[in-house]
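To convert, note that position 198 of the sequence shown is 198 in our numbering; the numbers rise steadily by one, no gaps.
Hints in this document: simulated from the structure, not taken from any laboratory. Note that beta-carbon positions come from the ideal geometry of N, C-alpha and C, so glycine has one too. A portion of the hints provided could be inaccurate.
Between beta-carbon pairs, the in silico distance windows are [claimed, not checked]:
1. Gln-154 - Gln-188: 15 to 25 Å
2. Glu-136 - Lys-162: 29 to 39 Å
3. Lys-162 - Asn-113: 19 to 29 Å
4. Pro-170 - Pro-147: 35 to 45 Å
5. Lys-83 - Arg-63: 12 to 22 Å
6. Gln-154 - Asp-81: 18 to 28 Å
7. Met-218 - Asp-81: 32 to 42 Å
8. Lys-112 - Asn-222: 41 to 51 Å
9. Asp-214 - Lys-137: 13 to 23 Å
10. Glu-148 - Asp-214: 42 to 52 Å
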Amino acid sequence: MAMTDNQTSKVNRLFQTLAYFGVVPFVGSFKWLQKLFGEKTPKTPEKSQVVLVVGANGGVGKRVVPRLQERGYQVRSLVRDAKKAQKVLGKNVEIVTADITKPETLTPEIFKNVSKIICCTGTRVQPVEGDNPNREKYYQGIKFFMPEVVEDPQLVEYEGMKNLVAAAKPQLQPSNNKIIFDFTNPTQDLKKTWGALDDIVMGGVSESSIRLTDTGAMFSGNVSTANSGGFV
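Given the sequences, and given the hints that come with them, work out the whole structure.
In C-alpha cells:
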C-alpha cells in the first residue's frame, strides 16, 4: 500500500531527526555534540559553589544529580517531597523542599552559595489508565501507554519558571557573561550544530525549523497538543 504525502513527510521528519542526533549509522554523527560541548576536560569545580538542581527526583533530574556529583560538584536538590526524593537520590545529596508554582516557598536560604541552577522540572504526564505511586509504567520505557497530561503546563512551565527566576535573581552573585554561541554571523555549519527536535513520537503533529537570516538564526514552527502531542 502506497504512503500518502503526509505519511511520507512524517517519515522524512523522523529520519532527519534521527540523523541529526547521530542515531542513523553512517548518516548521523556526533560532531554536533563535540562542537557544542567541546572535548576539553572540565575544570575542577569550586567546592564552595553549589549547583541547584530543580526537580531533582524527576526522570531527568535523578540522572543529572549523580552526573554532577561524579564531576565533583556540590549539589543541592530542590524537590516537593523530600522523603520520596531521598529514596530516589540517596543520602549523599542535600535536599531542600519547595514548589516553584508557590513563590512563597522559594526562600533565600535555598539559593545560598548557589552559582548555577539546572531546571529539570516539567509538566507531569502519566498513562491514561493510571500508574502506581512509583510511576513504574511511565519509567519502564518499553511498553507504550497512551499518555495524558495531569498538570497545568502554563502553571508549571511558565508561571513556575517565572517564580524561580524571580526568586533566584537577587540571590545569585554577579558573574562575567559567557557567550555560549554567537548567532550574529550565521553560516551553513550552524544547522549542523543547532537543530530542531520535532514531536515525532507523541502525536507527530508539531513541527519546527531553523532558518538563517542576515543577522542570526530564527526558530519557528507550530506546536499542537492534538493527538497527545505538544513539544518541539
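Hint check, failures only: Hints 1, 9 are the ones this structure does not satisfy, whereas the remaining hints hold.
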